[in-house]
Amino acid sequence: MAYDVVVVGGGVVGAAVAHALSFYRLSAALVEKEEELSFGVSKANSGIIHPGTQNPPRSLRGRLCVEGNRLIRRLAESLDLDFMEVGELIVAFDEAETSRLWQLKQEAEGDGVPGLEIVPRGWLRDNEPNLSREAVAALHAPTAGIISPYRLVYALAESAQLNGVELHTLTRVENIERIAGSGFNIVTSKGNFRARFLVNCAGLHADRVASMVSVPRFRIQPRKGEEYILDKKRRYITRHLLFPIPTPESKGILVTRTSDGNPMIGPTAYDVDDKVDLSTTDEGLEMVLRVATRLVPAIDRRDIIAYFAGLRPAAGDDFIVEVDADAPGFVNVAGIQSPGLTAAPAIGRLVTRLLRGQGLELASRRGSRQETPRHFRLQSMSPVAAEAAVRENPDTGDIVCRCETVSLREIKDAISAGARTLDGVKFRTRAGAGRCHGSFCTCRVMRVLSEETGRPITKISKRGPGSELVSEDRAGA
Amino acid sequence: MAAALSAVEHGMSDVLLLERDHCLGGILNQCVHPGFGLFHFGEALTGPEYASRFVRRVQSTPQIEVATGTFVSELRPGKVLTCMGREGVSTIRAKALVMATGCRERTREMIQIPGTRPAGVFSAGLAQKMMNIEGLMPGRDVVVVGSGDVGLIMARRLSLEGARVGAVLEIQPGPVGLKRNVVQCLDDFGIPLYLSHRVMWIHGRDRVEAVEVAEVDESAREIGGTRFTLRCDTVLVSVGLIPENELIEMAGVDVDRHSNEPVSSDLNYTSVPGLFVCGNAYRVYDIVDTVTRDSLLAGRQAAEYVVAMEGPDG
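For the record, the sequence lines run as chains A and B. Under numbering that gives the first Met the number 0, the first sequence has 435 at position 436, and the numbering climbs by one with no breaks. Under numbering that gives the first Met the number 0, the second sequence has 279 at position 280, and the numbering climbs by one with no breaks.
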């Protein structure tokens, strides 16, 4: 198989690069080692669209974050995403912290962040009533928002696919050979891919992929973050995203909420050695609770319904988005830690420009589709609209997940859009993401996955080969 | 079902019984072990047998209309329900409402077991459904966390199906489930019960590989030097039940923030007149016979409420 461009890595960055390329007349493929996209770094993203307030001054991170924040709005419309602009507050607890706010404001304004304002105690009482009474001031950034990180990845990839980009999952890059003068031969677990241009969006493994091509000038340092999700019942506990004063390592432990309405507290930030270590710890939980309850004393550990950990693929302080000096045609996109989700659309554009600089012809694809098919979502419908939808398709009234009100129709839609695992269905539809955590719907979702994909039930897994859910089918179905 | 039958016995002629599942009986259908009905029927029945006695009576009671495969998506003040099913969406207004919505299991997530999140960590009830309804073996090498009744019963069930159940772990100093279940499900099968023990870590990237266990003191803190590892491919979590009262909460009924039970002045009553909660949704009961007794009362209470409001069958 020969392509103009091969993108390695199906996280938000790879999907955004594939999406940006799909508007041009060229052949491209995205390869991903996991069974579904968004199963690496991106699945543990907190879903914040950052305004650009906490980046090192004059950094690539800062510039791409501000541009991404602007781009995401148009994308949200064309790709039917659940973006909500909710605004953020960086909270100061004393005079010294307040003077830090002025500094942060100045730095962010230098990067072009709009609408920033230092708000006093009285404003906070009126506009964020559950915020600690000890808060004295905050930096308000109105352009901060929230989005479903997985749906962003899936929508970008579906749109790219619609415009001709091939997606290859369970395709692990084993080796890359440089073909003199004409590109790359990418050896994978699913055969060879030839490409004139190669983009490395391999997240935690970007250093490994880069080292297959040349001598990498970066090393990925995984930095773990643990996040704790609270019951939706507490969705009104905050209005804005609440941050403490950032430190050089991270934006700190914050109080946010998912685009589905669950408050979320975290993340921790500490370096780890293991690139697959997604464990959560007692110490992490205690630390998150300590900081989160300092911001919002009403947060209660008994409201926690889920938790997870993610690894930020850090490579120094800034993002790396550049052509490898020793390998023309090879672009590294590495070290995309926070605010990578926000920056992704801007990274897609930047990579496209870099590839053009390397000689990729960019002719507009006539008839390319800007929009993706709208995914049906029962939970956001009025009873009248739901009634019509059930009459059109009875699967709409067949509720599989009771906690999140997810219908059989949505499960089947997710599978036809590419979901192959329990997690894939959960990330797309929220079935199993609610307060019972799949106790009631897991069997049904497994059955539907088995029926729709034709796989035996013993092959249905949580997140790909090795994570099969049951060991034996005694019903012999 | 008991509440519906009792409402008819107390003069109601128009009773609607809503059920999410495709058949009546609820969780009893997956409880294939015996021991149900010792008090109510004076004999030991399995869960499906116990349920079927009520199903037959409901089906031969013309005053009860049964709607299975019907999901209540919303409950509004004034006892107005939005129901969904494959046939459509409908709005139902009730004079009196009895909620018999049962409970859900507390999950691994609610007790914060540290470690990885691989496949193979199931609530005991989910494993029971896999085994008894779907005919699927959840795993071969099992550790049960928590000594609740469902966990004890599943320890025995999986042993009978050929799995190795390495241990039942309980953080409390005494077992949580019924004494008879400890004897019949663990002692009789030689399954060790570790009291005052907590899972300190779950290992395994894709599928569970082992758990680390340690003894804890009275404040649930690890006692140094007691940690050991149990290899397993499956962890069942049986750490208690929570009444399912999100619907009544939606309608503004007072629900206790910590127990998730309705705030109640008297058995089955809620803060809203004419809206009753019975069975495990009201309080988590040990045995089904008590659930039946209180649910029969709830049916009568609902009937009496309607009569008091507007005379028999108003």
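Worth flagging that the hints you see were computed from the coordinates, not collected in a lab. Since the structure is predicted, the reported quantities are computational estimates derived from the model, not experimental observations. Accuracy of the hints is not assured; some may be wrong.
[As the list claims (entries may be wrong)] For the chain A half of the interface with chain B, some residues (derived, Cβ under 8 Å), not all of them:
| id | residue |
| --- | --- |
| 1 | L284 |
| 2 | L288 |
| 3 | R289 |
| 4 | T292 |
[To be verified] Not close to chain B: a few residues of chain A, all C-beta gaps over 12 Å, as computed:
| id | residue |
| --- | --- |
| 5 | D110 |
| 6 | M380 |
| 7 | D394 |
| 8 | S438 |
Using N, Cα and C, we set each Cβ at its ideal position, and we do this for glycine too.
Evaluation of the provided hints:
The beta carbon of L284 (chain A) is positioned within 8 Å of a beta carbon in chain B (closest approach about 6 Å), and the interface hint is therefore held. Interface restraint check: L288 (chain A) against chain B, minimum CB-CB distance 10 Å, threshold 8 Å, status violated. The interface hint given for R289 (chain A) is broken, as the beta carbon of that residue sits about 15 Å from the closest beta carbon of chain B, more than 8 Å. For T292 (chain A), the suggested interface contact is broken, since its CB lies about 16 Å from the closest CB of chain B, more than 8 Å.
No beta-carbon of chain B is positioned within 12 Å of the beta-carbon of D110 (chain A); the least distance is around 36 Å. With a minimum CB-CB distance of about 10 Å to chain B, M380 (chain A) fails to clear the 12 Å threshold, and the non-interface call is violated. Some Cβ of chain B comes within 12 Å of the Cβ of D394 (chain A); the nearest lies about 8 Å off, and the non-interface call is violated. The claim that S438 (chain A) is not at the interface with chain B is violated, since a C-beta of that chain comes within 12 Å of its own (minimum 4 Å).
When the structure is compared with the earlier hints, violations turn up for hints 2, 3, 4, 6, 7, 8 and for no others.
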